[in-house]
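In the order they appear, the protein sequences are chains A and B.
Numbering that gives the first Met the number 0 numbers the first residue of the first sequence as 0 and each following residue consecutively.
Numbering that gives the first Met the number 0 numbers the first residue of the second sequence as 0 and each following residue consecutively.
Read the hints as simulated data drawn from the structure, not as lab findings.
All values derive from a computational prediction rather than experimental measurement.
Accuracy of the hints is not assured; some may be wrong.
[Said to hold, decoys possible] Restraint ranges, calculated between C-beta atoms of paired labels, are given here: (1) Ala346(A) x Lys56(B): 38 to 44 Å; (2) Ala346(A) x Asp33(B): 46 to 52 Å; (3) Arg127(A) x Ser306(B): 50 to 56 Å; (4) Arg150(A) x Ala51(B): 36 to 42 Å; (5) Ser306(B) x Val321(A): 17 to 23 Å; (6) Glu226(B) x Val321(A): 34 to 40 Å; (7) His46(B) x Arg148(A): 55 to 61 Å.
[What the hints assert, rightly or not] Here are the simulated EDC-like pairs of lysine to aspartate or glutamate, each with C-alpha atoms no more than 20 Å apart in a straight line: (8) Lys272(A) x Asp141(A); (9) Lys7(A) x Glu330(A); (10) Lys123(B) x Glu134(B); (11) Lys56(B) x Asp40(A); (12) Lys56(B) x Glu75(B); (13) Lys56(B) x Asp185(B); (14) Lys228(B) x Glu128(A); (15) Lys228(B) x Asp136(A); (16) Lys272(A) x Asp228(A).
Note that CB positions come from ideal geometry on N, CA and C, so glycine has one too.
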Amino acid sequence: MDTFDLLKRLTETPGPSGNEHAIAAALQEMWRPLVDETTIDRVGSLVAIKRGAGETEPRPRILLAAHADELGLMVTNIVAHGGNGFLRVTNLGGVDRRHLMGQTAVVHGREPLTGILGGLPDARLPERERGQAYTYDNLVLDVGLPIDRLRELVSVGDFVSFRQPLRRLQKNRVAGKALDNRASLAALTLCLEALQARRHTWDVVAVATAQEETIYLGAYTSGHAQRPDIAVAIDVCHAKGPGANDGELAELGGGPSLGLGAEIHPAVHRALKEAAEALEMSVTVSANARGAGTDAYALQTAREGIPTGLVEIPLRYMHTMVETADTGDVERAGRLLAEMIARLDDAFLPNLREELMRPDNRKDNGQ
Amino acid sequence: MNDLLRSLVEAYGPSGFEDALRDLIRPLVEPHADDISVDAMGNLLVHKSTAAAGALKVMIAAHIDEIGVMATHITEKGFLRFTNIGGVMPHTLLGNRVRFADGTIGVIGVDHSDDRGAIQPLSKHFIDVGATGREDCPVRVGDAAGFDRAFVARGNYLTAKSMDDRIGCYVAIEALRRLPADVPHDVTFVFSVQEEVGTRGAEAAANRILPDVGIALDVTRTGDVPEAKAMSVSLGDGPAIKVRDSGMIAHAGLVRLMRRRAEEAGIRYQMEVLDGGSTDARSMQVAGPGCAAGCISIPCRYVHSPSETVDSRDVEGCIQLLVALLSGSIDL
């Protein structure tokens, strides 16, 4: 499948935090031929295991985590107005309220209902509300039904997913919803495809985690349940653009960014960096001194502690319906992960423990 | 109902100081337990085993702790400065009374301010226990107090200081009494500690039990009072089945099952989406390999005030729903 088509399929499949069933099922179908076993676990994460060729039992295992959930909304109230029915909603995850007005969304009630997010025009709002972002008190979700029928089909607590097709911009740029984090799931898919033709000795546990946008749920629980020896989280990062702090950000189309910081084990970071060098792939390094707000945070402290790395795909306009990525970065991230995995050997774990004991060696500090 | 509830809500038990509650509840539930234990954090674990093969492990959590205050400094004149234990709101303090573990009663005053309309921060308040100096002050730094307020029943409306979450404890105790001897699941009722300071007791208990299904019993806010923040939960409309709060999105399959069981049993219920706050379900959800977590909420007005108010009909509905859930199969 062409990368655009892969991204289109993944971004347009609904999966708001807490209701990842559809996206997990779509990925399961996609990954089943690429791995030895798949399962959707108790909290809704898809766990896929591809066994390695290593003969040492138990084989070491690397866990790759990319979150399956996307931002969404939830019905909080059903209100009547002159016989018409309207829905009030609240956010699931860090929704940017400023752009909700005018969006299209689907309510997952007894049957899926497409609606729009509307509100009074700015000039008709009370004076103190003008010129500001709409709030969950003055926005409505309107599916066009009379109140009686709406009450039959929709309950308070029903999930709402955004509806937005993925679009091609010029060059390799694509724009749409949920590229955070379906871009990373596409990269993970490409990695699993690449591993079909590569020998790897370690077991690979690919996880599409649930509820990252709210509490890193799937990373906590899969990190515990799968007992990996090391882990890599794959997520998006802010890309350069007008108004952004270019000094700290990755270039869209400039290759994946490798995270460093409190959550990141330097040896896992170095393994990713050496894989990029072997591929002559351009990558950047993102410094997240206090952490990047990804699944890496939860994986690091699961069980006895898991040495964790972070691969990020540059993204503009994060947490909006026009998130913009470069398909080249997605493909590179997939290749990079496959290369890193193929290079893991029996010496990696003993070396990893020694690595932390050598603070004077600057080369080992990811520099 | 009211005698048991009165003894629960009037007991002393700020987070970290729950001994009295544990001692009160243990003899009430012991006849219904296959085994009963207290863990290192002070959680009371009441276990009902089953002979059923492949039974699910179910953890039910109701927290025994309540919000309160802790003395941080005693002035030369014998007044106490204090800090909060859990989510104490400054506008509930002035004129309120607190009770320490030894029974000492204190009244809360506030530093003078020329702006009489402004709510002063907690740090501007002090407790007067009737001492005249450090020598005769019966309270020491680190002593904790709960709020002091008598239980009152007004028809169906029941009002008390720590309905959050003694009403959840009441639901758990009553469900234990009503459950048949042969429940088809391996169920542990946890009377948990330190919920108000970060759902800490349930976290430890869940790490011990590693449940497949975790259900919290706790209060939730309502939107049915004047100028309330919009919320579609009302007193008297039945148990609230939680879908989301700010710490957790409930397991969708468990939510569906709760609704189905309520409908089968003819229990009136409502759906809950809460902005702000969380419950022990949060801790259960992320513990170990994770579990299917949810919460049966008792609608409650004026949460974290000395007059938390619930409706006895909602309480009865919660008990019935929990019993119906645990008596049948749990097919997620």
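Numbers of the earlier hints that this structure fails to satisfy, in rising order:
3, 5, 7, 8, 10, 12
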